[in-house]
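K.L.:
Chains as they are written, first to last, in my numbering: chain A, 7 to 300; chain B, 114 to 471; chain C, 220 to 471.
Among the hints, a few may not be true.
Straight line, CA to CA, 20 Å or less: simulated EDC-like cross-link-like pairs of lysine to aspartate or glutamate [claimed, not checked]: (1) 257(B) / 360(B); (2) 272(A) / 327(B); (3) 247(C) / 276(C); (4) 127(B) / 408(C); (5) 288(C) / 346(C); (6) 257(B) / 273(A).
Restraint-style ranges between C-beta atoms, simulated for each label pair [as the list claims (entries may be wrong)]: (7) 209(B) / 282(A): 32 to 42 Å; (8) 272(C) / 252(B): 57 to 67 Å; (9) 138(B) / 366(C): 48 to 58 Å; (10) 128(B) / 331(C): 13 to 23 Å; (11) 141(A) / 252(B): 53 to 63 Å; (12) 174(A) / 370(C): 53 to 63 Å; (13) 222(A) / 286(B): 42 to 52 Å.
Keep in mind the hints are simulated off the structure, nothing from the lab. None of these values were measured; they are calculated from a predicted model. The C-beta atom is built at its ideal place from N, Cα and C for all residues, glycine as well.
Here is what each chain is made of, one letter per residue.
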Amino acid sequence: MGLDPVLLAQLTLNGIATGAIYGLVALGLVLTYKATEVLNFAQGDLLVAGAFIGWALIALGGVPYPLAAVITVVAVGALACGLEAGVVRRIAGQPQFSGVMLTIALAFMLRGLISMVFGPDSRSLPTPFTGQTVWLGPVAISAPSLVVIVVAGFVTLLAFGLLRATTLGVAIQAASQNQLAAYLSGIPVKRLNSFVWAGAGAVAGLCGLLLAPMTLVDLSLWTVLLKALAAMVLGGFGSIPGALVGGLLIGLIEQFSGVFMPDGIKDIVAYIVLIGVLMLRPHGLFGEAHGRRV
Amino acid sequence: MRFRYHTRYSDARKLLPWTEGRVAYLLLVLALIAAPFVLQRFWVGELSYIFILAIASLGLMILKGYTGQVSLGPAAFVAIGAYAHALMLDAGVPFAVSLCLTLIISGAAGLMIGLPAIRVSGLSLAMMTLAFAVIVEHVLGRWKTLTGGFSGLPVETPVLFGFRLGTPTAFYFLCLAILIITLLGLVNLMRGPKGRAFVAVRDSEAAAWGLGIDVARTRVEAFVLSSAILGLSGALMAHHVQHLTPEGFGLLLSLELVLMVVIGGLGSLRGALLGAVLIGFLPRLISMAKPLLPAQVSAQFGLEIFAYGLVLAVFVLFEPRGLEGRWQKTKAFLTSFPVYRRDTFRRQKTYMRSERLK
Amino acid sequence: MSLFEFDAVTLSFGGITAIRNLSFHVEKGEIFAIIGPNGAGKTSVLNVVSRVFDPNEGQIRFDGRDITKVPRKGVADLGIARTFQNLELFERASVIDNLRLGRHRFERGGTWQSLFNLPSHGRREDEAREAVEAIIDLLDLSPWREAMVGSLPYGVRKVVELGRALALEPKLLFLDEPASGLNSEETRDLSFWIEDIRRDLGITIVMVEHDMSLVSAVADRVLCMNLGSRLALGTPSEVQANADVIAAYLGT
């Protein structure tokens with residue numbers, strides 16, 4: 007089989023688009039994980055909440071898309087902030103596994119609530135760019151995918167810049183390494199944690215708005231969390247650029263394996279790669295190994 | 114308040130030192146033996162299912178509760194056990210032999226994932242087991258020639274020493290017997306050197322190495338033991354559902370099993386059983402509660418998953434030691450009344466010590 | 220031949236040389252202390268012995284055997300026990316079980332006997348319990364026998380860790396800052412125990428310690444380290460009088 011350069015370019019572009027979504031969800035995971043040591047399994051359901059809120063605003067409320075997007079992002083951010091301040095904060099200092107369990111519980115409750123409010127049907131999200139295609143030379147890309155790539159790049163730069171270059175970012179980093187010490191040096195740790203969760207929630211809401219036009223507004227959208235987790239682990243479990251690169255890698259591997267590998271591999275290739283990477287490099291592709299001091 | 118006075122070291126090894134305890138457990142076993150003759154058919158089946166869940170929960174408790182290795186994909190091993198058993202019965206392997214082989218096969222599957230997992234722990238291990246479970250589910254759906262894919266695989270009726278165990282009552286006793294045997298074996302193992310080594314690996318790997326415990330090997334052993342028991346429960350599960358489909362062994366079953374050990378109370382076999390009973394009955398409790406709820410709530414499809422989440426959240430927040438912890442507290446309250454001090458079980462406030470650098 | 224010999228050992232990791240061509244030896248029945256400022260490489264010495272790290276160069280001989288060739292789990296079998304600077308106890312197990320785990324090297328095998336709770340298993344368990352009770356008596360731990368270690372006060376936990384190391388029935392015992400976090404009364408108890416352990420149990424002791432009062436009270440010889448190398452070696456009073464040691468502690 008000759009390799010068609012147009013096909014390759016097309017696959018790469020599709021891979022980058024899906025990968026950007028994975029990376030963006032993973033970015034939200036990394037943010038909360040770094041700041042509060044909680045791996046947020048509810049991130050996928052926050053994303054679903056974003057998709058449904060956006061749909062309700064646009065399809066039911068007739069709100070114009072840009073305004074609906076802003077409202078959704080703010081709403082999901084506020085929801086995440088409320089979850090942190092009201093629930094997750096109570097388990098600070100407990101083992102990581104408690105955080106996993108608690109956020110799984112929150113995910114279940116969110117999913118249950120969403121399905122109670124909206125019912126089990128799936129629906130499509132009308133946006134100004136739904137169904138449109140952009141041609142870059144001979145390569146086609148759907149407009150929603152293009153939006154995803156642009157937004158993902160922008161958000162990553164924003165998050166990275168915020169953590170690296172501002173006082174706020176330094177405070178977050180300090181709190182993530184030692185909450186007690188940070189608290190004693192006058193950093194408002196609780197408020198910072200809520201802030202980070204709000205930010206991660208906003209990213210989740212954004213992801214919901216970006217993902218829904220590519221597929222449908224549906225409860226099963228939460229499963230993108232599994233791919234994002236894989237991306238996060240590949241990227242080294244706590245690194246923002248790592249999460250994005252991990253997401254892109256998984257998106258690309260999926261697209262290419264769909265064409266070049268036997269049928270059915272596409273769905274599980276992300277997980278095979280995940281296991282392989284963990285076997286060979288237990289701290290991910292970009293993570294550093296830390297020995298524990300005794 | 115009571116104290117145990119030992120006059121010989123062997124006194125300390127007694128499982129049930131008090132007469133009340135012995136009587137209580139005897140009554141429980143008698144009640145369970147009488148149950149199928151009293152209860153309706155439906156409830157006999159329900160109880161059998163809870164016994165099966167309890168076996169699986171015990172298996173997972175060994176891995177998570179005793180060795181501290183997080184698995185988010187235990188359903189994969191249940192599935193491997195179920196399919197292996199069903200296929201062997203199909204091929205004409207006798208029931209008892211097939212059950213033993215199922216133990217070995219699912220144990221070997223545990224070795225397959227346990228060996229590479231030596232180097233990862235904590236959340237990475239959770240991710241790895243989760244990924245393994247997703248892969249197993251997909252393979253079962255895709256490998257149609259072997260598993261029948263999504264259209265499913267019928268399971269033959271168990272035949273033990275010439276007796277067909279087709280009736281709900283016969284199957285009930287089969288599950289109960291296997292549960293009791295598994296439980297007693299694990300109770301013995303966990304209070305012996307092996308169980309102590311598991312706990313050592315969970316609480317401090319550095320100290321465990323220093324005492325001559327082969328940490329890597331112990332972790333793999335726990336994986337193998339746990340998967341073998343999960344596989345065993347899978348074999349019984351196959352008979353319970355009678356028709357195997359991959360969806361039955363998805364993420365939801367994995368999470369249900371994890372819920373059982375967490376809600377039951379990590380590090381306790383009794384907790385594993387209590388958790389299985391609570392989570393196993395939860396769907397029934399919810400359907401019983403439905404008539405009491407307003408119609409627009411009770412008709413909703415998401416109610417069940419919401420209830421799972423709520424129960425889990427309540428336990429993580431308010432009773433992190435699970436049902437077992439509640440049991441201990443109640444017992445302490447009753448035996449030390451009226452001088453019970455709430456602070457006996459209070460946890461020390463710990464500030465976050467990052468586990469990331471472990 | 221000495222019981223324990225550290226022979227020209229160098230250890231470096233992550234761009235740091237933690238131990239630089241260090242040699243010393245410990246005689247049988249001796250109490251040997253290692254002192255030095257923070258970051259001098261004292262704990263690294265212990266970690267090399269318990270095979271947490273592989274030394275880059277040099278040999279560590281115990282009873283004439285090079286233990287750098289021994290696997291990590293095999294160190295205990297040679298009769299070398301250790302405690303940890305920041306306590307590495309099995310927090311969610313009872314004091315009894317912690318001490319029983321100290322005897323793990325005598326308890327290997329017997330899995331099937333324990334699975335079926337055979338009489339031979341019961342006898343083994345009772346023997347182990349008897350040995351552990353002797354340590355409980357020695358260290359006055361009987362009030363805490365059944366308590367979960369995680370619920371004990373810090374001073375008691377340190378004693379439990381010492382007891383666990385003794386349960387291994389070692390020939391050579393490494394103590395990593397045994398007095399840190401203890402009050403003066405507890406430290407005094409500790410110094411009595413250390414002498415008892417040497418005299419009654421015949422165990423050779425190497426301890427890393429900052430508390431000079433404890434070191435002067437019990438140690439026969441002291442090694443002072445700085446930046447991974449040997450600064451001085453001699454009796455406690457000799458080392459305390461050494462000009463290099465004073466300079467290292469006070470700065471120049």
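K.L.:
Does each hint fit the structure? Answer for all of them.
P.N.:
Status of the hints after comparison with the structure:
1. 257(B) / 360(B): holds, 14 Å
2. 272(A) / 327(B): violated, 39 Å
3. 247(C) / 276(C): violated, 25 Å
4. 127(B) / 408(C): violated, 35 Å
5. 288(C) / 346(C): Violated. Residue 288(C) to residue 346(C) sits at ~32 Å, over the 20 Å cutoff.
6. 257(B) / 273(A): With Cα atoms ~16 Å apart, residue 257(B) and residue 273(A) stay inside 20 Å; holds.
7. 209(B) / 282(A): 32 to 42 Å: holds, 38 Å
8. 272(C) / 252(B): 57 to 67 Å: violated, 41 Å
9. 138(B) / 366(C): 48 to 58 Å: Because 26 Å falls outside the window, the suggested range is violated.
10. 128(B) / 331(C): 13 to 23 Å: holds, 19 Å
11. 141(A) / 252(B): 53 to 63 Å: The hint (53 to 63 Å, Cβ to Cβ) is violated, given that residue 141(A) and residue 252(B) are roughly 39 Å apart.
12. 174(A) / 370(C): 53 to 63 Å: violated, 40 Å
13. 222(A) / 286(B): 42 to 52 Å: holds, 48 Å
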